[in-house]
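What follows is each chain in one-letter form.
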Amino acid sequence: MDSQLLQYLPVLILLLVAIGFAGSTLALSVILGKTGRRTATKDIAYECGMLPEGPGSARMSVKFYLVALLFVLFDIEVVFLYPWAVIYKQMLRENAALILGGMVSFLGVLFVGFLYALKKRAFDWTR
Amino acid sequence: MDAIYYLDPTTQFVLFSIVKIVVAFVITLTFVAYAVLAERKISAWIQDRVGPNRATPFFAQYLPVIGPALVRLGIFQPMADGLKFLLKEDFTPAYVRKVYFWLAPALTAIPAFMTIAVIPFGSTLGNPNNPMVIADLNVGILYSFGIVSLGVYGIVLAGYASNSKYPFLGGIRSSAQMISYEIAMGMSVVAVFMVIGDLNLSKVVEYQGANILHWMAWKQPLAFFIFLVSAFAETNRLPFDLPESESELVGGYHTEYSSMKFALFFLGEYANMIAASAMMVTLFFGGWAYPWGGGAAQGFLGGVGHIVCFLVKMLVLMGVFIWVRWMFPRFRYDQLMDLGWRRFIPLALVNILVTALVLAALND
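Chains A and B are the protein sequences, given in the same order.
Quick note: the first sequence, position 57, residue 57 per the working numbering, numbers continuous.
Here the working numbering = 1-based position in the second sequence + 1000.
If you're looking for bench data, these hints aren't it; they were derived computationally from the structure.
Treat the hints with care, as some may be off.
When the alpha-carbon atoms are kept at most 25 Å apart in a straight line, the in silico SDA-like pairs for lysine to any residue are as follows [unchecked claim]: (1) B:Lys1041 with B:Val1019; (2) A:Lys63 with A:Thr126; (3) B:Lys1203 with B:Gly1295; (4) B:Lys1088 with B:Phe1058; (5) A:Lys34 with B:Lys1219; (6) A:Lys119 with B:Leu1353; (7) B:Lys1219 with A:Val78; (8) B:Lys1088 with B:Ala1055; (9) B:Lys1088 with B:Glu1246; (10) B:Lys1203 with A:Gly23; (11) A:Lys120 with B:Leu1349; (12) A:Lys89 with B:Gln1061; (13) A:Lys89 with B:Ala1361; (14) B:Lys1041 with B:Val1022; (15) B:Lys1088 with A:Gly33; (16) A:Lys89 with B:Leu1362; (17) B:Lys1084 with A:Thr35; (18) A:Lys34 with B:Leu1362.
Note that the coordinates shown come from a computational prediction; the quantities given were computed from them, not determined experimentally.
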């Protein structure tokens, strides 16, 4: 097998072990666990002992969508930073202006976007 | 025992891997069980209480002095807890979304255990071809960030599957919090990798190996601080435990869960805490290297020494996790988001910029 792929074999084995562990403990608790009676009261959603009101999944604030959108944007930025970080020192010797200037301009553009989101009060949760 | 060295390298590699995985997995599970006990005991001491001191197995009475002492320390408590989790009623309420309800606990626990794969927990045990890391990936840190992100799915699914208001709110809060702090966390370590120049975590340890002065925590204190605080948010622990803030959401996303399904969430949380501590030890505190340095181990005992050194450093950081829990009040949600987005992200960016400039200045 290719040695690059072989590196990932232990990850696969660990995944199987983890899945096996999670699956077997869940199965064991079904087999060994006490079987109680199913009553109508027991099947009510827990709301501190009160009868549940309205649908189970309440409407949520649109802010959460905004966070998810911004996350996608900035997480991709972070992913782009890693390869740059790794070769940074090495590139400094060859072409310092390119490696530093390139990333400063990239971060600058993104920082403008960050300031825009800030100005639009996307991170302000008090409202 | 020597027969193993006559096998071809691939078979050897697979066999070594399986042994390492099983041992690491069992050790992690034990650590999780006793982290719960440590949490309860340390909480008790901080609050001037006694803590768990009752669980007594039948064989404790045959151990003359040690038996009662161990019982007082609560050493048998995790065993009793584990047994109880197995034997309690595993109730699936009628109103839940069944498939996701069963999937969510497994999806929380599995990524938590997967993170340990890339962490070098020791040098070698005498055989230089067999480093003490489960998977020595060249993309190390990217792998662990990827896996940590997967943990969000379990929590979101738990909130969605429960089809009930408290879990729903807990799940949605938790996901927003975890993805927010993931950015700050990811950005903070970029500066570390700029200094080191390799994403492989074994190389990271090697770089810091010389002695205590080479540890990354001194060279990148701001990165360490951001990483530490983000780790608290990522593992949903106080002062950022809004997803399960008892006083408002009962238990958050696991309110409707019982028995082993609940235990898997608990396990996942503590396994994440262990993984975060291990990651911090690797990135900022020299991994398995002794404070006075020394390089890779020559013999079996030296290797064990390195593993012990790693575990001790990890335990200290886990102690910090537990300690902080009782030192700070819980943040408000807007304060939490404010800290993550408006403080840490610009701060991490500035840290990257400063590191870049300093490295450029030093180069000439």
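Tested hints:
1. B:Lys1041 with B:Val1019: Violated: Lys1041 of chain B and Val1019 of chain B sit about 33 Å apart, past 25 Å.
2. A:Lys63 with A:Thr126: Answer holds: Lys63 of chain A to Thr126 of chain A is near 11 Å, not above 25 Å.
3. B:Lys1203 with B:Gly1295: Holds - the C-alpha atoms of Gly1295 of chain B and Lys1203 of chain B are around 12 Å apart, at most 25 Å.
4. B:Lys1088 with B:Phe1058: 21 Å, holds
5. A:Lys34 with B:Lys1219: 55 Å, violated
6. A:Lys119 with B:Leu1353: Holds - the C-alpha atoms of Leu1353 of chain B and Lys119 of chain A are around 23 Å apart, at most 25 Å.
7. B:Lys1219 with A:Val78: Satisfied, since the Cα-Cα distance of roughly 21 Å is no more than 25 Å.
8. B:Lys1088 with B:Ala1055: 17 Å, holds
9. B:Lys1088 with B:Glu1246: 22 Å, holds
10. B:Lys1203 with A:Gly23: 35 Å, violated
11. A:Lys120 with B:Leu1349: Between Lys120 of chain A and Leu1349 of chain B the Cα gap is close to 21 Å, so the pair holds against 25 Å.
12. A:Lys89 with B:Gln1061: Since the Cα atoms of Lys89 of chain A and Gln1061 of chain B sit roughly 63 Å apart, the hinted pair is violated (cutoff 25 Å).
13. A:Lys89 with B:Ala1361: 11 Å, holds
14. B:Lys1041 with B:Val1022: At roughly 28 Å apart (the allowed maximum being 25 Å), Val1022 of chain B and Lys1041 of chain B break the hint.
15. B:Lys1088 with A:Gly33: Cα-Cα ~5 Å, so holds.
16. A:Lys89 with B:Leu1362: Roughly 10 Å between the alpha carbons, so the hint for Lys89 of chain A and Leu1362 of chain B holds.
17. B:Lys1084 with A:Thr35: 14 Å, holds
18. A:Lys34 with B:Leu1362: Answer violated: Lys34 of chain A to Leu1362 of chain B is near 67 Å, above 25 Å.
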